[in-house]
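Student: Residue numbers (the working numbering), protein chains in the order written: chain A, 1 to 109; chain B, 1 to 111.
These are calculated hints, taken from the structure and not from any lab test. Quantities reported herein were computed from a predicted structural model and do not represent experimental measurements. Treat the hints with care, as some may be off.
To be verified - The calculated lysine-lysine pairs, modelled on DSSO-like cross-linking and capped at a C-alpha distance of 30 Å, are: (1) LYS57/A to LYS22/A; (2) LYS57/A to LYS96/A; (3) LYS15/A to LYS83/B; (4) LYS22/A to LYS73/A; (5) LYS42/B to LYS78/B; (6) LYS57/B to LYS42/B; (7) LYS15/A to LYS96/A; (8) LYS83/B to LYS9/A; (9) LYS57/B to LYS65/A; (10) LYS42/B to LYS22/A; (11) LYS57/B to LYS78/B; (12) LYS9/A to LYS96/A; (13) LYS65/A to LYS42/B; (14) LYS65/A to LYS9/A; (15) LYS9/A to LYS57/A; (16) LYS57/B to LYS15/A; (17) LYS42/B to LYS83/B; (18) LYS73/A to LYS96/A; (19) LYS57/A to LYS78/B; (20) LYS73/A to LYS15/A; (21) LYS9/A to LYS22/A; (22) LYS83/B to LYS57/B; (23) LYS57/A to LYS15/A; (24) LYS9/A to LYS73/A; (25) LYS22/A to LYS65/A; (26) LYS96/A to LYS83/B; (27) LYS96/A to LYS65/A; (28) LYS42/B to LYS96/A; (29) LYS73/A to LYS83/B; (30) LYS73/A to LYS57/A; (31) LYS96/A to LYS78/B; (32) LYS57/B to LYS22/A; (33) LYS96/A to LYS57/B; (34) LYS42/B to LYS57/A.
Stated by the list, open to error - Computed list of chain B residues with no C-beta within reach of chain A, every gap over 12 Å: (35) GLY16; (36) GLN64; (37) PHE65.
The C-beta atom is built at its ideal place from N, Cα and C for all residues, glycine as well.
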Amino acid sequence: AQRVTQPEKLLSVFKGAPVELKCNYSYSGSPELFWYVQYSRQRLQLLLRHISRESIKGFTADLNKGETSFHLKKPFAQEEDSAMYYCASFLYNTDKLIFGTGTRLQVFP
Amino acid sequence: EPEVTQTPSHQVTQMGQEVILRCVPISNHLYFYWYRQILGQKVEFLVSFYNNEISEKSEIFDDQFSVERPDGSNFTLKIRSTKLEDSAMYFCASRGAGELFFGEGSRLTVL
């Protein structure tokens, strides 16, 4: 079954600290992996996707097929990074994007 | 930048009433979705829609739910007889260039 696991519900760091939000997926096929962000009272927005290999707002994520992980990292957190972060997996053959439970990132000044 | 828009932003209804949530996807997108998020819980897939047909649906999407694209622009989610547990935020999305774009959501409160 297509499943995404985010083990941390809440991650609190101070400004300038490194951040790593964990994500593991389980599927034997080749899903496309995404990170979506939801700032307070705003819509879900795409942060990055594994096929583009871009860095957005200083965030990066590397797909590790051996560990079935797609952890999101940022070397120096900013207060404006405080938001809910959702890891998601998409399969074209089912046309379904499945979300993890989300991790709330709180960055303190 | 084009956006997915949803109406209403908030609807309060009595248990047993029918509710229609409306969405206007991005105009050149062909794939449409509904998701829901019960307060404090994860974002859950409900249904995907392409070429005027449901392409995939979850076990949540039972006979009480239906989707429709009544014209060239709207995409609607109907709940025939609402239950208390239908209270949630409902998100519409459309897909283009491999990315899902989400609306701001419609909050449904069932009393």
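Student: Decide, hint by hint, whether the structure agrees.
Tutor: Structure-based check of each hint:
no.	hint	in the structure
1	LYS57/A to LYS22/A	holds, 18 Å
2	LYS57/A to LYS96/A	holds, 27 Å
3	LYS15/A to LYS83/B	violated, 44 Å
4	LYS22/A to LYS73/A	holds, 9 Å
5	LYS42/B to LYS78/B	holds, 21 Å
6	LYS57/B to LYS42/B	holds, 17 Å
7	LYS15/A to LYS96/A	violated, 36 Å
8	LYS83/B to LYS9/A	holds, 28 Å
9	LYS57/B to LYS65/A	holds, 27 Å
10	LYS42/B to LYS22/A	holds, 16 Å
11	LYS57/B to LYS78/B	holds, 14 Å
12	LYS9/A to LYS96/A	holds, 23 Å
13	LYS65/A to LYS42/B	holds, 24 Å
14	LYS65/A to LYS9/A	holds, 23 Å
15	LYS9/A to LYS57/A	holds, 22 Å
16	LYS57/B to LYS15/A	violated, 41 Å
17	LYS42/B to LYS83/B	holds, 19 Å
18	LYS73/A to LYS96/A	holds, 25 Å
19	LYS57/A to LYS78/B	violated, 38 Å
20	LYS73/A to LYS15/A	holds, 14 Å
21	LYS9/A to LYS22/A	holds, 10 Å
22	LYS83/B to LYS57/B	holds, 19 Å
23	LYS57/A to LYS15/A	holds, 15 Å
24	LYS9/A to LYS73/A	holds, 16 Å
25	LYS22/A to LYS65/A	holds, 14 Å
26	LYS96/A to LYS83/B	holds, 25 Å
27	LYS96/A to LYS65/A	holds, 20 Å
28	LYS42/B to LYS96/A	holds, 15 Å
29	LYS73/A to LYS83/B	violated, 40 Å
30	LYS73/A to LYS57/A	holds, 11 Å
31	LYS96/A to LYS78/B	holds, 20 Å
32	LYS57/B to LYS22/A	holds, 28 Å
33	LYS96/A to LYS57/B	holds, 9 Å
34	LYS42/B to LYS57/A	holds, 24 Å
35	GLY16	holds, 30 Å
36	GLN64	holds, 20 Å
37	PHE65	holds, 16 Å
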